[in-house]
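**Q** Model the full assembly from the supplied sequences, consistent with the hints where possible.
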Amino acid sequence: GAVVSQHPSRVICKSGTSVKIECRSLDFQATTMFWYRQFPKKSLMLMATSNEGSKATYEQGVEKDKFLINHASLTLSTLTVTSAHPEDSSFYICSASLMNTEAFFGQGTRLTVV
Amino acid sequence: DAKTTQPPSMDCAEGRAANLPCNHSTISGNEYVYWYRQIHSQGPQYIIHGLKNNETNEMASLIITEDRKSSTLILPHATLRDTAVYYCIDLSAGSARQLTFGSGTQLTVLP
Numbered sequence: 032g033a034v035v036s037q038h039p040s041r042v043i044c045k046s047g048t049s050v051k052i053e054c055r056s057l058d059f060q061a062t063t064m065f066w067y068r069q070f071p072k073k074s075l076m077l078m079a080t081s082n083e084g085s086k087a088t089y090e091q092g093v094e095k096d097k098f099l100i101n102h103a104s105l106t107l108s109t110l111t112v113t114s115a116h117p118e119d120s121s122f123y124i125c126s127a128s129l130m131n132t133e134a135f136f137g138q139g140t141r142l143t144v145v
Numbered sequence: 147d148a149k150t151t152q153p154p155s156m157d158c159a160e161g162r163a164a165n166l167p168c169n170h171s172t173i174s175g176n177e178y179v180y181w182y183r184q185i186h187s188q189g190p191q192y193i194i195h196g197l198k199n200n201e202t203n204e205m206a207s208l209i210i211t212e213d214r215k216s217s218t219l220i221l222p223h224a225t226l227r228d229t230a231v232y233y234c235i236d237l238s239a240g241s242a243r244q245l246t247f248g249s250g251t252q253l254t255v256l257p
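Protein sequences, first through last, are from chains A and B.
Each residue of the first sequence is one higher than the one before, starting from 32 at the first, in my numbering.
Each residue of the second sequence is one higher than the one before, starting from 147 at the first, in my numbering.
No lab work stands behind these hints, which were simulated from the structure alone.
Where hints are given, some of them may not hold.
[Stated by the list, open to error] Residues from chain B that face chain A, not an exhaustive set, calculated with beta carbons under 8 Å: (1) S187; (2) Q188; (3) P190; (4) Y192; (5) H195; (6) R243; (7) Q244; (8) L245; (9) F247; (10) S249; (11) G250.
[Said to hold, decoys possible] Label pairs and their in silico Cβ distance ranges: (12) A:T48 x B:A239: 38 to 46 Å; (13) A:K95 x B:R227: 35 to 43 Å; (14) A:T48 x B:A159: 44 to 52 Å; (15) A:T143 x B:P154: 23 to 31 Å; (16) B:N176 x A:E94: 28 to 36 Å; (17) A:D96 x B:R162: 47 to 55 Å; (18) A:L105 x B:N199: 29 to 37 Å; (19) A:G92 x B:E212: 35 to 43 Å; (20) B:K149 x A:V34: 25 to 33 Å; (21) B:A163 x A:K95: 41 to 49 Å; (22) A:V145 x B:N200: 47 to 55 Å; (23) B:E204 x A:D96: 43 to 51 Å; (24) A:S46 x B:P222: 42 to 50 Å; (25) A:V34 x B:K215: 17 to 25 Å.
Ideal Cβ placement from N, Cα and C applies to all residues, glycine included.
**A** So, in structure tokens, the structure goes:
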């Protein structure tokens with residue numbers, strides 16, 4: 032199946048700093064990618080839809096100025112957590128799909144803010 | 147909110163078949179039944195999907211009832227590596243592929 036890669040897989044940052052997470056579709060072009068967040072022992076929650084060449088659309092309750100999404104090419108979307116705080120510590124996961132196929136997920140990024 | 151309901155947890159002996167049920171009480175005619183699983187600290191992995199016929203692939207079999215209100219994912223010979231949270235999801239054909247995850251079933255395969 033198609034491959035989606037996230038980087039980094041794990042990151043620790045200091046409170047107040049920003050962290051960028053990359054999501055790449057390695058063997059296909061994705062006009063749309065999705066970003067999810069997962070807290071411990073909870074299910075995945077959709078944060079935003081990343082659209083190539085246009086602004087991302089955010090789910091209700093997700094701060095667009097805090098979670099900056101850039102989808103500058105058909106194979107790369109980035110999520111930047113700005114001014115991170117300990118409550119932003121979570122598991123962040125991206126997904127992408129070809130037209131009318133199943134979604135493929137990255138391996139996830141574990142963010143710890145200290 | 148998620149539209150499917152699943153038992154929170156199940157155990158299965160290694161080598162035996164694991165049968166994971168899902169209720170799709172609000173599924174509509176153009177929605178497919180998808181199954182994903184998430185091994186601890188990894189991204190979800192696609193398993194199988196179907197519309198109304200039973201499906202089988204190298205990973206699993208999917209049984210969908212005639213009224214499509216319930217489905218069962220079958221792992222024919224469970225291994226320890228099948229321990230994961232399993233999610234069933236209703237998804238429209240041609241949708242943008244953002245998924246609404248319920249709470250899933252934690253399957254534990256016991257040695």
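**Q** Does each hint hold? Answer for all of them.
**A** How the hints compare with the structure:
{"no.": "1", "hint": "S187", "in the structure": "holds (7 Å)"}
{"no.": "2", "hint": "Q188", "in the structure": "holds (6 Å)"}
{"no.": "3", "hint": "P190", "in the structure": "holds (5 Å)"}
{"no.": "4", "hint": "Y192", "in the structure": "holds (4 Å)"}
{"no.": "5", "hint": "H195", "in the structure": "holds (6 Å)"}
{"no.": "6", "hint": "R243", "in the structure": "holds (4 Å)"}
{"no.": "7", "hint": "Q244", "in the structure": "holds (5 Å)"}
{"no.": "8", "hint": "L245", "in the structure": "holds (6 Å)"}
{"no.": "9", "hint": "F247", "in the structure": "holds (4 Å)"}
{"no.": "10", "hint": "S249", "in the structure": "holds (5 Å)"}
{"no.": "11", "hint": "G250", "in the structure": "holds (6 Å)"}
{"no.": "12", "hint": "A:T48 x B:A239: 38 to 46 Å", "in the structure": "holds (43 Å)"}
{"no.": "13", "hint": "A:K95 x B:R227: 35 to 43 Å", "in the structure": "holds (39 Å)"}
{"no.": "14", "hint": "A:T48 x B:A159: 44 to 52 Å", "in the structure": "holds (48 Å)"}
{"no.": "15", "hint": "A:T143 x B:P154: 23 to 31 Å", "in the structure": "holds (27 Å)"}
{"no.": "16", "hint": "B:N176 x A:E94: 28 to 36 Å", "in the structure": "holds (34 Å)"}
{"no.": "17", "hint": "A:D96 x B:R162: 47 to 55 Å", "in the structure": "holds (51 Å)"}
{"no.": "18", "hint": "A:L105 x B:N199: 29 to 37 Å", "in the structure": "holds (34 Å)"}
{"no.": "19", "hint": "A:G92 x B:E212: 35 to 43 Å", "in the structure": "holds (39 Å)"}
{"no.": "20", "hint": "B:K149 x A:V34: 25 to 33 Å", "in the structure": "holds (29 Å)"}
{"no.": "21", "hint": "B:A163 x A:K95: 41 to 49 Å", "in the structure": "holds (46 Å)"}
{"no.": "22", "hint": "A:V145 x B:N200: 47 to 55 Å", "in the structure": "holds (50 Å)"}
{"no.": "23", "hint": "B:E204 x A:D96: 43 to 51 Å", "in the structure": "holds (45 Å)"}
{"no.": "24", "hint": "A:S46 x B:P222: 42 to 50 Å", "in the structure": "holds (49 Å)"}
{"no.": "25", "hint": "A:V34 x B:K215: 17 to 25 Å", "in the structure": "violated (35 Å)"}
Of the numbered hints given earlier, the model fails hint 25 alone.
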